[in-house]
Structures are given as structure tokens and as C-alpha cells.
Amino acid sequence: MIRKLAWRNIWRNKRRTLITLTMIIFAVVLSTLMMSIKEGVYESMIKSSAGDYSGYAQIHAKGYWEDRTLETSFTLEPELEKVIQNHPEVNGYMPRVDGFALAATDSITKGSMVVGVDVEAEKKYSHLDERVSDGEYLSPEDDAILIGEGLAEYLKVGVGDTIVMLGSGYHGMTAVGKYGIKGILNFGSPELSKQLVFLPMRAADVFFATCGQITTIALKTDKPEDGIALADALGGELGEEYEVMDWTELNPDLVTLIESDRVEGYVFMFILYMVISFGIFGTMLMMMAERRREFGVLVAVGMKRAKLARMVWGEIVTLSILGAFFGIFAAFPVCWYFFKYPISYGEEISKMAEEYGMEAVLRASLDPGIFIQQAIVVGIVSSLIALYPMFKLLKVNAVEEMRS
Amino acid sequence: MKIRTLVVIVFAGLVAMAASTADPTADSIIKKSQDKFTGAQTTASITITIQRPKWTRTMGIKSWSKGTKFSMNLITAPARDKGTVFLKRDKEVWNWIPSVERIIKLPPSMMSQSWMGTDLTNDDLVRESSVEKDFKHTLLGKETVGGRECYKIQSVAKEEAAVVWGKIVSWIDVKDYIQMKAQFFDEDNELVNTFNSMNVKMMGGKMIASKMEIAPADKKNQKTIFEYTSLDFTTPISDDFFTVQNMKRVK
Amino acid sequence: MMLLKVAWKNIWRNKVRSFVVITALALGLWAGVFAGAFVKGMMQSKVKALVHTEISHMQIHEPGFRDEYQGTYVIENNDAVIQSLQQDERVEAVSERLISMGMLQSARKTSALRLVGVNPELEKKVSNLHEMLVEGSYFESKVKRPIVLSQKTAEEYDIKMGSKVVFTMQDIHGDMKSAVYKVVGIYKTSNNMYDKMTAFVPFELIQKMYDLDQGSHEIAVWLGDHENAEPVAADYSEKFKELEVLPWLDLSLGLRMMTSAIDIYLYVIVGIILAALLFVVLNTMLMAVLERTREIGMLMAIGMDKARVFRMIMYETIFMSMVGVPIGLFISWLSVTVFGQTGIDLSAAEYENLGYASIIYPRMDFQSYVVVAIMVLVMACVASLYPAIKALRLKPVEAIRKV
Chain A
53 MIRKLAWRNI WRNKRRTLIT LTMIIFAVVL STLMMSIKEG VYESMIKSSA GDYSGYAQIH
113 AKGYWEDRTL ETSFTLEPEL EKVIQNHPEV NGYMPRVDGF ALAATDSITK GSMVVGVDVE
173 AEKKYSHLDE RVSDGEYLSP EDDAILIGEG LAEYLKVGVG DTIVMLGSGY HGMTAVGKYG
233 IKGILNFGSP ELSKQLVFLP MRAADVFFAT CGQITTIALK TDKPEDGIAL ADALGGELGE
293 EYEVMDWTEL NPDLVTLIES DRVEGYVFMF ILYMVISFGI FGTMLMMMAE RRREFGVLVA
353 VGMKRAKLAR MVWGEIVTLS ILGAFFGIFA AFPVCWYFFK YPISYGEEIS KMAEEYGMEA
413 VLRASLDPGI FIQQAIVVGI VSSLIALYPM FKLLKVNAVE EMRS
Chain B
245 MKIRTLVVIV FAGLVAMAAS TADPTADSII KKSQDKFTGA QTTASITITI QRPKWTRTMG
305 IKSWSKGTKF SMNLITAPAR DKGTVFLKRD KEVWNWIPSV ERIIKLPPSM MSQSWMGTDL
365 TNDDLVRESS VEKDFKHTLL GKETVGGREC YKIQSVAKEE AAVVWGKIVS WIDVKDYIQM
425 KAQFFDEDNE LVNTFNSMNV KMMGGKMIAS KMEIAPADKK NQKTIFEYTS LDFTTPISDD
485 FFTVQNMKRV K
Chain C
2 MMLLKVAWKN IWRNKVRSFV VITALALGLW AGVFAGAFVK GMMQSKVKAL VHTEISHMQI
62 HEPGFRDEYQ GTYVIENNDA VIQSLQQDER VEAVSERLIS MGMLQSARKT SALRLVGVNP
122 ELEKKVSNLH EMLVEGSYFE SKVKRPIVLS QKTAEEYDIK MGSKVVFTMQ DIHGDMKSAV
182 YKVVGIYKTS NNMYDKMTAF VPFELIQKMY DLDQGSHEIA VWLGDHENAE PVAADYSEKF
242 KELEVLPWLD LSLGLRMMTS AIDIYLYVIV GIILAALLFV VLNTMLMAVL ERTREIGMLM
302 AIGMDKARVF RMIMYETIFM SMVGVPIGLF ISWLSVTVFG QTGIDLSAAE YENLGYASII
362 YPRMDFQSYV VVAIMVLVMA CVASLYPAIK ALRLKPVEAI RKV
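Residue numbers (the working numbering), protein chains in the order written: chain A, 53 to 456; chain B, 245 to 495; chain C, 2 to 404.
Hints are all accurate, no fakes.
Each pair of labels, with its calculated beta carbon distance range: (1) Met162(C) <-> Lys450(B): 40 to 48 Å; (2) Arg344(A) <-> Leu5(C): 25 to 33 Å; (3) Asp176(C) <-> Thr214(A): 30 to 38 Å.
Once the Cα atoms are required to be at most 16 Å apart in a straight line, the calculated EDC-like pairs of lysine to aspartate or glutamate come out as: (4) Lys298(B) <-> Glu123(A); (5) Lys183(C) <-> Glu404(B); (6) Lys467(B) <-> Glu457(B); (7) Lys313(B) <-> Asp176(C).
Read the hints as simulated data drawn from the structure, not as lab findings. We put the beta carbon where it would ideally sit given N, CA and C, even for glycine.
Make a model of the complete structure from these sequences and hints.
Set out below in C-alpha cells:
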């Protein structure tokens, strides 16, 4: 009975209902938008730092991350490849040999990070070929190298020049070789640009005398979370000689940055909720005030106050649920708009961001979890707010109300 | 692993001085053991063996040196590195690599890097021994090492000396002043490296230990071994030998 | 005149309605101001964390020094520069350093390291590294040749407090020099890379090793307000054309981009809050006015013309704003000041890892208060326009009948 009354009441005064409903829907949209943009920014940051080049997960020989020497290397055996391929969430994997050497011209020498890569895999998965700003990309049989723009500038060399590389190889062998520069890479991050040298795997093997061993396999997945799950799974499957790390372990600073930003975000969410909550509260207060006569009459004709309270509360809760529900649908196009047409950073910053390989925009996230979460929160908040008017109703004095 | 004190010994050759007084002071013992002849020249062939838990590597070197200012080292083995030359002129080190036909001057920032994958650093090649003046020497007595009676000397690092050791204990042969054994301690008196020499014989007209080993105290199955296969102190070498251009021609 | 009186009385007549509107305005104002203040405090905190340990607000070098840290790139007129800086009231502290890229050795390890010669008392004002000691002291001991290095370095070199290390470097003549130092302090920052490569000794000791009579490699400046960095740097660039003067934004890769990106991101966040504010005010006003259909109908029935009704509603809005806005301003000012003193403790975050202070001090400048207040006022009026116009369309008779 009460439910029927409650339901009818809602539709009796369409305008009032609409206003309250809109308030709740809007609350959902705004809080969702805020969360969505925050998460979108994090996703973007993760993608650019850990995504394309370094991969959301990596496999090394056990102990490699600690000492980073060629000694802790392993062979890419077919069984290992099979284990990786058995995981459908892996979009691609890139074997690499990471080492250190001096890059030298006749007069200038500089320390550099030398990476032996599977030329085809890098092209497919990390799009290394797209970074070539001058010259050409490598072919697997080449005895040539790609170097970063910063390094090329420092050594005063360009495409077609030859440089000597000198370093320490496997088992203490000297690593020495003369290589022509086939292409120059744009890396954005000046640090990387000044240090990186890429070699085809075969040539790197000769240079470092690694006899077919590699130091790293970078694994590419769709989402960062997949990388974490993958690292867990592989860690179990691969056994003691390997270590599998996910991007959070590979980039701990990034994680801290994001987590600390999240907490700051809570302050903003708090402020937002204060405003929204009051909006809802105010609407309810005014609705209550407007219906005082009605309530007075109901009590006067015999309705128990408790029932009245429950009925009104029922109305509000229903509105909350409806509002939250519709709110999700309303929020979606808004977030989608900012996903498709993200907020640009402005020209100057866009340029810099692109150099870093980062997106120069604020992009919203379309993770459904966000939408649902916010809707639920708003729904609960407004239901809780509704308790206040409910308590007030318990004290209704029929005569006074009817007089108003 | 620090074997700086030994470097000049290794590459300049050990010498036994003629006269020995009845009861020499610790300082003079050290001096005689360390003494290189300024102006004298050494030509030597050395085999270096690097032993590690998982692998062993051997290198052959032909070495020329004159005093402490000049030295030239040619790698004769293994084939991969054959023909590589290191030239030290005063404080500078040059590197000739035939496989890439490049002469590289080692920048100061590379001085701490390992030389040719050994336990030596590039800096070790350049640095001069300071044992005499940076330590205070005390004669502790006599002990027998490797079948030879030796003076046992304790050398404690002086307060302001730029050395990493706390103290060095060395056993120097009474007859020929050959350093038979030495222990290197850090300032907490923990043993860090042990040096042993053996196969004392006559080479190039002098009594020397033709084989020397260094082993770090805290690592198992790890040592570096130097062995002289030939030594010549008499053939004169002119200063012009030690030039950058000559690096390419030396054999 | 009458209208004004009526409008004013109307406000106090319907307490609930007025309460809601006034509070919405006040709260909205608080939200806008506080969010903005929080953002400002946050930026201060972030910037401080980023620059206080390693780079400070501004640095001056000989051009080319930062490429390879060659000892010969000395600022010769350092005294003149420092004097000039000290007289600048925007500058809080100045410190100079001599830097050497050389080799550090212990009994067990040799590796490259950047040794920084500092004057501890001056350095403390420009960098907070001395607060990051985990063992020992920042040059307070009487050791003759002290060195302060990082925990990472100590671990890698297998040394501890009191250990001796030898540093080898090239002096200005190109000769190699070595000297021994004793560990008197061990520090740890959140930046492993920095820690591994950096150690500190007294300025005079490096000076001697370099065989320099005067001059320094780096002059670091700490300003009163980080936002002054660019203008101050521009000024000194002009003054000392032969030197390289850089603000913190350009001293560390990516800082400029990151801070600008954060700025925009924060504008968006605050924008959303303001949108919420707008909507709440709008909705509230809408409900407030629309709830009065009976009353308005009554007024029109007894002869009030539409224009007057409209003006009456607008006056009510203005009056409510005039009550709400000052209250809002007061609450905002109060919360900003109180939290500005005590700070908002965000230690739930893992700020310590990044070397951040986990306490944010909101701060707001006067003109922002004014801006937000005006914004809210305008919003309130605009928000009440629509319902006011709607109210006018009512037919008095129907209005009276409405329940």
C-alpha cells in the first residue's frame, strides 16, 4: 500500500520529481566525469611510460633486475615461447639484449645503452620504425645501427657515418665493433635520445658475444591490469631461473606518482560531493516544506507517522535509484565526448608531450566500473540524505502543518 | 678488487737489489722491494688468467715499459682481441683497436671501468704506486713463505693518505727482496685481497717470482693470475717507441 | 521602494526556501575557493618536493658545464653574482658549489661518482638534503676530511659510517688527483639514480683538489615564491649575459611539461566543481521559484503586474546572494586560513617515497576571492532568470488553484 502511494506521489507532481531527479542525475554525471578524467590521465601516463616500449610485463633471468649485466641472461627457447603464446592476452613479445658500450668517433666518445632487438617484432609491437626521423629502419641482417637524435648530435654524426662501439661483453669479453648509422631515432625524452643505440639481434650477438642469449622479453598486453595478471601467471609457470615483473615493479616511481595523485583527487571529490549533496539535500528540504500541508492532512486523517516517514523515504529512495540509473546513461555520452575529443593541452605543451611520446591531451576513461561505482555512491548518498526529512516527519504536528 | 699497489710491479718488473744490510729497516725493505729503476726499461711477455666461478679466460700480453711514465701493452691472445694495444703516456691512456681501425683516447670518466674485463681498472694502469710514502712500515719479524725466509712487514695507511687500505701485511724474501705474499686489509681490519707469488726463478738476469695471483677474500673461486713467460731488462727502448703512431705498428 | 521591502520580507518569510538558497550559494562559493586554494597549495607542495632536494628554484652555470661536467667550466665572477643575488628581495637564499665527475673507491669497489663541494650552512637553506640523513650528521662532526654519501652508495661500496674512501679526479691542469675522505653522514632520497651518483664534501676541499683559487661551478638559488623563478632567471640572464641562468622548469627534463600539464588538469577538475555549483544553484533557484506558484498567482491576482513580479523575484535573488556570498566568503577564508596553518595531512598517500611533504597548505590570494564571489553572484542571478520568466507565464487563476 505504501509503495503504491509512494510511487503515485512521485508521478503526481511531475515538475518537482523532475527537478529532484535531474539533481541526482547531474550529480552522477559530474562525479563520473571527474573520476573518468582522472583515470584517463593515469591510463595515459601508464601507457606512455610503460606501454609501448617497455611493455606491461617483462621476463628476465632471475636476478637480472638487480645487477643488470649480460651475465644474467637466458636463451629464448621454443618451450618458453610456447608458454608465452599460450596466453591470449599477450599481444606481442619482444626479445632484447640490453648492454652498455662506449660510442666513439675519432674525437668524441660517449657512454650509451646498446639494445639488440628483434627487428620485425619491434616494428610490429613497439612501432620502433615509426620513430625513425632520418634514414631508414633496420633489417634483421644488417650490421648497422639506429641511434637517438641526442646521441647523434653529441657525436656530431649523421646517417651514413660510422662509429665504433667499445664495451664489455659476455664473460668479460671485449665488445668491439664498427657500425654504420642507418637511421636516427626520435625519442622525445632527451635522456633516452642521448643514450640509445639499436642493433639487430644477430649483430648484437656478435658484438656482445652473448651466444644467442638475451636479457629481456618485453610483453605487450592491452591493458596495464592484464600485464599484472600476466606477470603473476607466468611467474608461476616459468620456474626458478626466471623472474617476471609487471610494470608496477618496473616503474615504481610512476606508481607512487599516481597513487599520491589519487589521494589528492579524493579531496576534490570530497568538495564535489559536498556541493552535490547539498544540492540534493536542499531539493529535498524544499520539497518537504512545500508538502507540509499534505503531510499534515495525512496524519490528521489517521496515517501513522512512521508509515508516512517510510512512504516519503520510499519516494526519495526510488528517485535516487532512478536518478542513479539514468545518470549512468547520461554520463556516458559526456565521457565519450571527452574520450573522442580530449581536452588539449595547448600548443606548446602538446609539442613537448608528443616528443615524450605522451598524448598531449586529457582523455576520459571509459571504464564501466567508474560509471557504476559513481552511480552507486550517489544513490547511497542521496538515500542517506533522505533520512533527515524522514526523521522530521516523525515529529509532524498535523494541525500546525495544515495551517501553513 | 683492488690491486693497485701491484700494477706497477706487474708491468714494470720486479727487481732484486744487490746489497742487503744485516738488519734492514722496514722502510728500506719496502723500498727495495718496490724499487723500480727510473730510466730502466722492461720488455716482457705475460699471460693473464681470469678465473671466475662459471668461466675462465686467458689473455696473452706483450709489454714494454720505461720508468713509470711510459708503458705499451699489446694483446697477443685470444684471437678476438689480438692486436689491441694500450699506450700509457704519463696520465693519459690510449687504445688502438685493429678490428675497427680506431684509436680511442680514454676519457677520465672511463677510468673506473674494468680493463679488458680483468679485475684491473683503466685507472690502475695509470696510477703510480704510493706504498712507500703513504704507509708507515713496521718490521714484525721473519716468517717462511713458499719455502723462503721472509721479512714480515706491517704497513699501516697514514691518516691523510689517499689509499683505500687500512693496512697491508707483506712477506718479503730476505735474499732477493721478492714480495712472496701480501694481505690487504680494509680499515676495519677485514681481509679484502690476498696476493701470492710463486715460481721464483731467474729471468732476464734477475731473481723474480714469475707467477703471481690475487684472490679476493670474500669471493669463492675467483682469482686473477699473472705469469711472466719472458722478461728482458737490458734491451734499451727509446722514448719514441711510446707514441700514438707506434701503437699501430707494434708487434 | 515598496518592492524592495516586499522582496526582503519575502526572504525571511519562507525560511526553508531561503535557507536552502543562501546555503547553496555560500557552500558553492566555499567549494570554488577551497578547491582553488587546495590546488595552489598542492602545486606549491609538488614543486617544492621536486626541486627542494636536488635543483632548487634557479641555477647559474658557465655555459657548457652541464654537458659533461668538465671542471674547467668555472664561473669566474661568482662573487659578483652572489652579491647581486643576495641583495634581491625575491631571493631567500644562495649557495655555491664546486662539482667534479670522478672516481670513488673503497676497498671493494670502484665506480664513477659526482662529488659536490658545498658550504653546509648555505646549502641547508637552498636544499633540504640535510633533512634526509639516515645516519650521521651533515658536516657537524670534527672530522678533517668528511664526506656525506647515499645509502645506496654505502651499500654498493660495502662501506659505512667512518669508512674511508678515495676520490680521484682531474684538476684544472688536467692532472689526476686523489684524496681520502671519511664518511660522516649517510643520506637517502627517493631518487635512486641521484643517490647512486652523488656525494658531498666541504667546498674548500674540492677547491684544493681542483687547484682553484676562486670561482664555482654552480650557483643555486632559493626564492620566496617558486612562481618568480622565470622572471628572476630572465633578469639575471640579462644582467650576466655570459652565464647560463635557468629556472627550475628548465633544469630537469620534463618538469616544465609536467607542471603545465598538471595546471590544466587541475583547471578541469575545478571546472567540474564549478559546474556542479552552477547546477546546484540553478536547480535550487528553479525549485524555489516554482514552488511559489500559488503565491505568485495570488500576487498577480491582486494586481501586481508581471514586470514587478519579475523584478521582485530578481531582488530576492540579489538579497539572498548578498547574505549568502559574505557568509560563503567568511567560511572560505576561515577554512583556507585554518588549513593553511595546520595543513591537510595526506599521509595516507605514499608521498614519502617521492620525497614529498604529505601536508598541503591551501592558500588563496585576495583577487581570487573576489573573482569567485562575483562569479557566484552572477551565477545566482542568471540561474534565477529562467524560473522567474517561467513564473511570469502563469495564469493567476490556475496558479491559485495549484496545490
